[in-house]
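**Student:** Fit chain B to the known structure of chain A by using the hints.
Sequence order for the protein chains is A and B. Numbering-wise (this note's numbering), the first sequence opens with residue 1 and increments by one. Numbering-wise (this note's numbering), the second sequence opens with residue 1 and increments by one.
Just so you know, the hints here were simulated from the structure itself, not pulled from any lab data. Relax, there's no trap hidden among the hints.
Here are the simulated lysine-lysine pairs, DSS-like style, with alpha carbons at most 25 Å apart: (1) 262/A - 19/B; (2) 262/A - 158/B; (3) 187/A - 19/B; (4) 158/B - 170/B.
What follows is a set of in silico ranges between Cβ atoms, one per label pair, in the way DEER data are often shown: (5) 59/A - 176/B: 45 to 55 Å; (6) 35/A - 71/B: 18 to 28 Å; (7) 170/B - 55/A: 43 to 53 Å; (8) 247/A - 60/B: 38 to 48 Å; (9) 28/B - 195/A: 15 to 25 Å; (10) 119/B - 170/A: 32 to 42 Å; (11) 105/A - 68/B: 42 to 52 Å; (12) 51/B - 198/A: 26 to 36 Å; (13) 60/B - 170/A: 45 to 55 Å; (14) 260/A - 34/B: 19 to 29 Å; (15) 182/A - 245/B: 32 to 42 Å; (16) 111/A - 23/B: 35 to 45 Å; (17) 198/A - 117/B: 24 to 34 Å.
Glycine residues also receive a C-beta, built at the ideal position from the N, C-alpha and C atoms.
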Amino acid sequence: MSQIDHHWQRFTLKEKLSRFSVYLLFMLALVMSMRSVEIIPEFFYDAPEQMMDMFNRMWPIDIAFYPLTVHAAIIETLNIATLGTLVTLFIAIPLALINASNIVASPIAHWIARFFLVSSRSVNSLVWALLFVAIFGPGVLAGVLAIAFRSVGFVGKLLAEALEEIDMGTIEALRATGAPWGAVMCKGYWPQVMPAFYSIVLFRWDINVRESAVLGLVGAGGIGVVLNDSMNLFQWQQVATSLLAIFAVVIMAEVLVVNIRKRMI
Amino acid sequence: MAGLKAVPTTVHANPFPRKPWHSVLSIVAIIYLVYSINTLGLDWQRFIEGLGHADKLLDRMFPPNFERWKLLLEGLIESLEIAVIASTVGIFFSLFIGLLAARNFMPNWVTIPVRGFIAICRSFHPVIIAILFVKTVGFGALAGILTLIIATIGFIAKLFAEAIEEISFKQVEAIQATGAGFINVILFSVVPQVFSRFIGFATYQFDSNLRNSTMVGIVGAGGLGGTLFSAFQRFDYDFVAAILITIIALILFWEFLSTLIRTVFQCRK
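Just chain A, same shape as in the assembly (with noise of 0.2 Å):
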């Protein structure tokens, strides 16, 4: 009998090779930027004790200053984050369904879809908020539309997946019966993508809760502008007020969110 005198290896040649290669690279990229980073070591260790010194500057939280102006920002931002929401269904579906290649089959018309998907997804929703304030002032017009523009990638993205997915056989069906575009569209692609088009509006409604509190950091109206305000006065008692308020809000907003889709899907 002819023995056997290859052992058994976990990975081929090739393999180890370019795992090695990607965790020599991922060596090579962090020992630089430890190297080469401006760190003053002194404010690191002085971390700890300025932490302390900022949480007692924010004790006793200033509860008063809620209704003042808190509450009524808090309730703006809400809204930017919903209306965002909103205005973004109107670019993020046209856009998804030029995406999606079982609906358009044009390459050229995908890379367009795609460019516009991929540079509103790069650019920050601060950055989106920044261009908004120079084109329309200070204010919640400006917020609104930087959570819009911002989503458009993610819902965009993510629904275009979701058509891709579907079972192409009711389609046909309905196809084969002669019925029109539209009826296709509201009788064989809609009811299939419904579910996953809610979670992904609710997915990120939860997103935009949280970004649209720091919008106004630049000017684009809601909490945000009530933060800075107190940060600028170095009121640090106001700050955790508004602090507590976004917290809240964000809970509130996740908890909503989780039942929702428990209950529909």
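**Tutor:** Just chain B now, with coordinates in the frame of chain A:
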């Protein structure tokens, strides 16, 4: 024997019934739209006026001005450094925090406080955390790094915990049967099952840290965001355009690289 039956004339129910909650939802959405536009004081006039400004702004943004490329490169490198260090440290901590939060390995009295900590890390936007860190450690890259570490823990530790909770326990039992200690059980039965998913999460988190590291500079936490914000305040819109193009190119480049890494480690998206 009748071979053929008469065609049934009963009326079928509509195969596409309209769901009532669906109509209610659309009506509520429309009412909300009208209500919120009224209360927020958005008016059409301002929107139309703004479009004129947008035209001017775009005029000034193009062509993008790369003349001050040294400043741009400096910010870009600092952003990259922040993203690399914060992702490494954050993911390293998340490994342990994720394990502590996994309900199939740890008792309740460990997972509940750890999960609470993760939730707190996640509930604040990175910019708010950045402001607090700028107050405690001063302006510069350190504040950015600490911010993104917190953001990473908030997101990745949760995903890690969920991945660990989904593993098959057969391998764990097999390793336990050999008499292995706790650390060996983790290393040889848990890690091989979740490793490729961890790589997937890690590349995703690096992507989001990269985006955020170009933004925390707006509140003074280092990186390209600071350059961008000061360009905005000086109305150098052509330089702003150059920075934005650089950021988009950076993100696209990383997207390409991360697909490569994912195929090397063969993980599902």
